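J.: In the order they appear, the protein sequences are chains A and B. Be aware that the first sequence starts at 21, since it is given in this note's numbering, and climbs by one per residue. Be aware that the second sequence starts at 21, since it is given in this note's numbering, and climbs by one per residue.
These are computed hints drawn from the structure, not numbers from a lab. In this text the structure is predicted, and so the values were computed from the model without any measurement. Don't take every hint at face value.
Heads up, the list lumps identical chains together, so a pair's fine if it works in one copy or across two of them.
[Said to hold, decoys possible] Taking lysine-lysine pairs in the DSS-like style, the calculated list, with each CA pair at most 27 Å apart, reads:
no.: 1; residue 1: Lys39; residue 2: Lys83
no.: 2; residue 1: Lys102; residue 2: Lys39
no.: 3; residue 1: Lys102; residue 2: Lys83
There are 2 protein chains.
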Amino acid sequence: MKFNELNPEMLERASGLLKTIAHPARLAIVSLLENGNRLSVSEIHRSLGMEQSVASRHLVILKDRGILSSEREGRNIYYYLKISGLGDMLGCLAGCCSG
Amino acid sequence: MKFNELNPEMLERASGLLKTIAHPARLAIVSLLENGNRLSVSEIHRSLGMEQSVASRHLVILKDRGILSSEREGRNIYYYLKISGLGDMLGCLAGCCSG
DNA sequence: AATATATATACAAATATGTTGATATCACAG
DNA sequence: CTGTGATATCAACATATTTGTATATATATT
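Construct the complete structure from the given sequences, taking the supplied hints into account.
T.: Structure, rendered in structure tokens:
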């Protein structure tokens, strides 16, 4: 599948997706939610050692742009990956970065 | 390979790579250079319908950040992908965007 | 040297993104 | 209704990215 043969709209969507995850914190979040993991905001911010408000802001961004979904359970809100196939992409990315 | 288990430096590198290609023009360029293609600046800017200076600027950015290499042949400068495995990543990306 | 072609760069304006800390909202237990 | 834990938002400021246009540099040809 080649981007250059495709319409500008497709390029925009693809670069939008990349932009969204092209942030260390968001990359870490997405990576944490691979394999169908569902985690609350607290679990995420503690696990990654970032401020609660920072984690929340990134989670909202990821959700707004269609990468995550969330569901409330009691006082917690659980986030999870909405786009299947993102895990594969991260795999390729890790490969590109190490090799 | 999981990012969250890795050092911040790795996350920085990965998000840097993503940021670099997270631009419609650069995505188109990288896509054009998949499969070992070698193209001159002229060929690229004509093929993608962008100004010469715009193409050149993006090519320099991609080269500076280690994604492309270039070689002069006569008056032309040919660019090509330096990172193998980027093609695979674009494949995943296209999958994520359509599905 | 003069010209033409190919590529790169400079600069300023516009736009977007990130950061921090404080504060607001929401849900539940008692 | 109050207190507490969980989550989201806001404002202000700093930084970075993009764009357009013009111009500079390099190479080759004659």
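J.: Given a CA cutoff of 27 Å, do Lys102 and Lys39 count as a within-copy pair, a between-copy pair, both, or neither?
T.: both (17 Å within a copy, 21 Å between copies)
J.: State whether the alpha carbon distance between Lys102 and Lys83 is at most 27 Å within one copy, between copies, both, or neither.
T.: Cα proximity of Lys102 and Lys83: one copy only (9 Å, versus 33 Å across).
J.: Treating 27 Å as the Cα threshold, decide for Lys39 and Lys83: within, between, both or neither.
T.: Close inside one copy (14 Å) and across copies (19 Å); limit 27 Å.
No hint from the list above goes unmet by this structure.
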